[in-house]
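Undergrad: Note that our numbering has the sequence shown beginning at 68, numbered continuously upward.
Derived by calculation from the structure, the hints in this document are not laboratory data. A portion of the hints provided could be inaccurate.
[Unchecked claim] If you anchor each label on the Cβ, the simulated ranges turn out as follows:
no.: 1; residue 1: Lys157; residue 2: Val133; range: 15 to 25 angstroms
no.: 2; residue 1: Asn69; residue 2: Glu212; range: 19 to 29 angstroms
no.: 3; residue 1: Glu212; residue 2: Asn87; range: 46 to 56 angstroms
no.: 4; residue 1: Glu141; residue 2: Leu213; range: 37 to 47 angstroms
no.: 5; residue 1: Thr129; residue 2: Lys211; range: 37 to 47 angstroms
no.: 6; residue 1: Leu213; residue 2: Lys84; range: 40 to 50 angstroms
[Unchecked claim] Only pairs whose alpha carbons sit at most 27 angstroms apart, straight line, appear in this in silico DSS-like list of lysine-lysine:
no.: 7; residue 1: Lys157; residue 2: Lys75
no.: 8; residue 1: Lys206; residue 2: Lys134
no.: 9; residue 1: Lys211; residue 2: Lys75
no.: 10; residue 1: Lys74; residue 2: Lys185
no.: 11; residue 1: Lys75; residue 2: Lys173
no.: 12; residue 1: Lys185; residue 2: Lys75
no.: 13; residue 1: Lys157; residue 2: Lys211
no.: 14; residue 1: Lys211; residue 2: Lys197
no.: 15; residue 1: Lys84; residue 2: Lys197
no.: 16; residue 1: Lys185; residue 2: Lys134
no.: 17; residue 1: Lys84; residue 2: Lys165
no.: 18; residue 1: Lys209; residue 2: Lys110
no.: 19; residue 1: Lys110; residue 2: Lys206
no.: 20; residue 1: Lys157; residue 2: Lys173
no.: 21; residue 1: Lys200; residue 2: Lys110
no.: 22; residue 1: Lys185; residue 2: Lys157
no.: 23; residue 1: Lys84; residue 2: Lys74
no.: 24; residue 1: Lys134; residue 2: Lys211
no.: 25; residue 1: Lys173; residue 2: Lys211
no.: 26; residue 1: Lys165; residue 2: Lys154
no.: 27; residue 1: Lys74; residue 2: Lys206
no.: 28; residue 1: Lys75; residue 2: Lys115
no.: 29; residue 1: Lys84; residue 2: Lys110
no.: 30; residue 1: Lys185; residue 2: Lys206
no.: 31; residue 1: Lys200; residue 2: Lys134
no.: 32; residue 1: Lys206; residue 2: Lys84
no.: 33; residue 1: Lys165; residue 2: Lys75
no.: 34; residue 1: Lys134; residue 2: Lys197
no.: 35; residue 1: Lys154; residue 2: Lys197
no.: 36; residue 1: Lys211; residue 2: Lys74
no.: 37; residue 1: Lys74; residue 2: Lys165
no.: 38; residue 1: Lys157; residue 2: Lys110
no.: 39; residue 1: Lys115; residue 2: Lys206
From the three backbone atoms N, C-alpha and C, an ideal C-beta is built for every residue, glycine too.
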Amino acid sequence: MNLEIFKKDNLAVRVIKDENNEPLFCLSDVCKALELTNPSMVKDAILKEFELSKLNLGSFDTGFGVKEFIMIDEAQLYYVMNNSRSKNAKPFRMWVNKEVLPSIRKNGNYGFKPLTHKEALLLGLELLEKNEKLELENKSLKEKEL
């Protein structure tokens with residue numbers, strides 16, 4: 068499994084290829100980019116919309132061990148992007164539609180060589196740290212509201 072991490076500004080999505088060499092996108096990353104706070108609800112909506120019983124899984128080393136992530140195909144990605152009302156939906160959709168997908172189709176990747184295992188781990192750690200920081204900020208803001 069060849070992991071690629073596509074980044075632009077504050078957007079980052081892990082992508083792998085399935086057995087047919089089609090891209091699969093990490094649902095957790097897509098939800099974060101679209102500011103969707105309940106990936107389980109998104110997963111359930113995809114399962115219902117596409118009449119599926121399960122979704123693909125991908126295993127990544129997060130720097131804290133290997134963790135399984137739900138992976139969605141291109142049609143499922145479009146479904147999530149097109150149904151999101153997040154203010155980030157349009158920039159994310161434009162980036163994916165105008166840069167990421169055309170590059171994957173043309174080059175097999177997003178304009179750069181795939182990351183080495185070490186680079187992927189470091190980037191995963193960076194994303195994890197940013198996510199933890201945002202979660203602390205959210206918690207602090209919620210406590211201030213009360």
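Undergrad: Within a Cα-Cα threshold of 27 angstroms, do Lys185 and Lys75 meet the stated pairing?
TA: Within the cut-off at roughly 20 angstroms; holds.
Undergrad: Decide if the proposed pair is consistent with the structure: Lys200 and Lys134, CA atoms, cutoff 27 angstroms inclusive.
TA: Given that 27 angstroms is the threshold and the Cα spacing comes to 20 angstroms, the pair holds.
Undergrad: Please verify whether Lys173 and Lys211 have alpha carbons no more than 27 angstroms apart.
TA: This hinted pair is violated, its Cα atoms lying about 49 angstroms apart.
Undergrad: In this structure, is the beta-carbon distance linking Glu212 and Asn87 contained in 46 to 56 angstroms?
TA: holds (47 angstroms)
Undergrad: Please verify whether Lys185 and Lys157 have alpha carbons no more than 27 angstroms apart.
TA: At roughly 32 angstroms apart (the allowed maximum being 27 angstroms), Lys157 and Lys185 break the hint.
Undergrad: Tell me if the straight-line CA distance from Lys74 to Lys165 falls inside 27 angstroms.
TA: holds (14 angstroms)
Undergrad: Check whether the Cα positions of Lys206 and Lys84 lie no farther apart than 27 angstroms.
TA: This hinted pair is violated, its Cα atoms lying about 35 angstroms apart.
Undergrad: Need the status of pair Lys185, Lys134: alpha-carbon distance at most 27 angstroms?
TA: holds (16 angstroms)
Undergrad: Does Lys197 lie within 27 angstroms of Lys84 when you go C-alpha to C-alpha?
TA: holds (26 angstroms)
Undergrad: Does the structure keep Lys185 and Lys206 at a Cα separation of 27 angstroms or less?
TA: violated (31 angstroms)
Undergrad: When you check the alpha-carbon spacing of Lys200 and Lys110, does it fall within 27 angstroms?
TA: The given pair, whose Cα atoms are some 25 angstroms apart, holds under the 27 angstroms limit.
Undergrad: For the pair Thr129 and Lys211, does the Cβ-Cβ distance stay inside 37 to 47 angstroms?
TA: For Lys211 against Thr129, whose Cβ atoms are near 30 angstroms apart, the range 37 to 47 angstroms is violated.
Hint violations for this structure: numbers 1, 2, 5, 9, 13, 22, 24, 25, 28, 30, 32, 36 and 39, all remaining hints satisfied.
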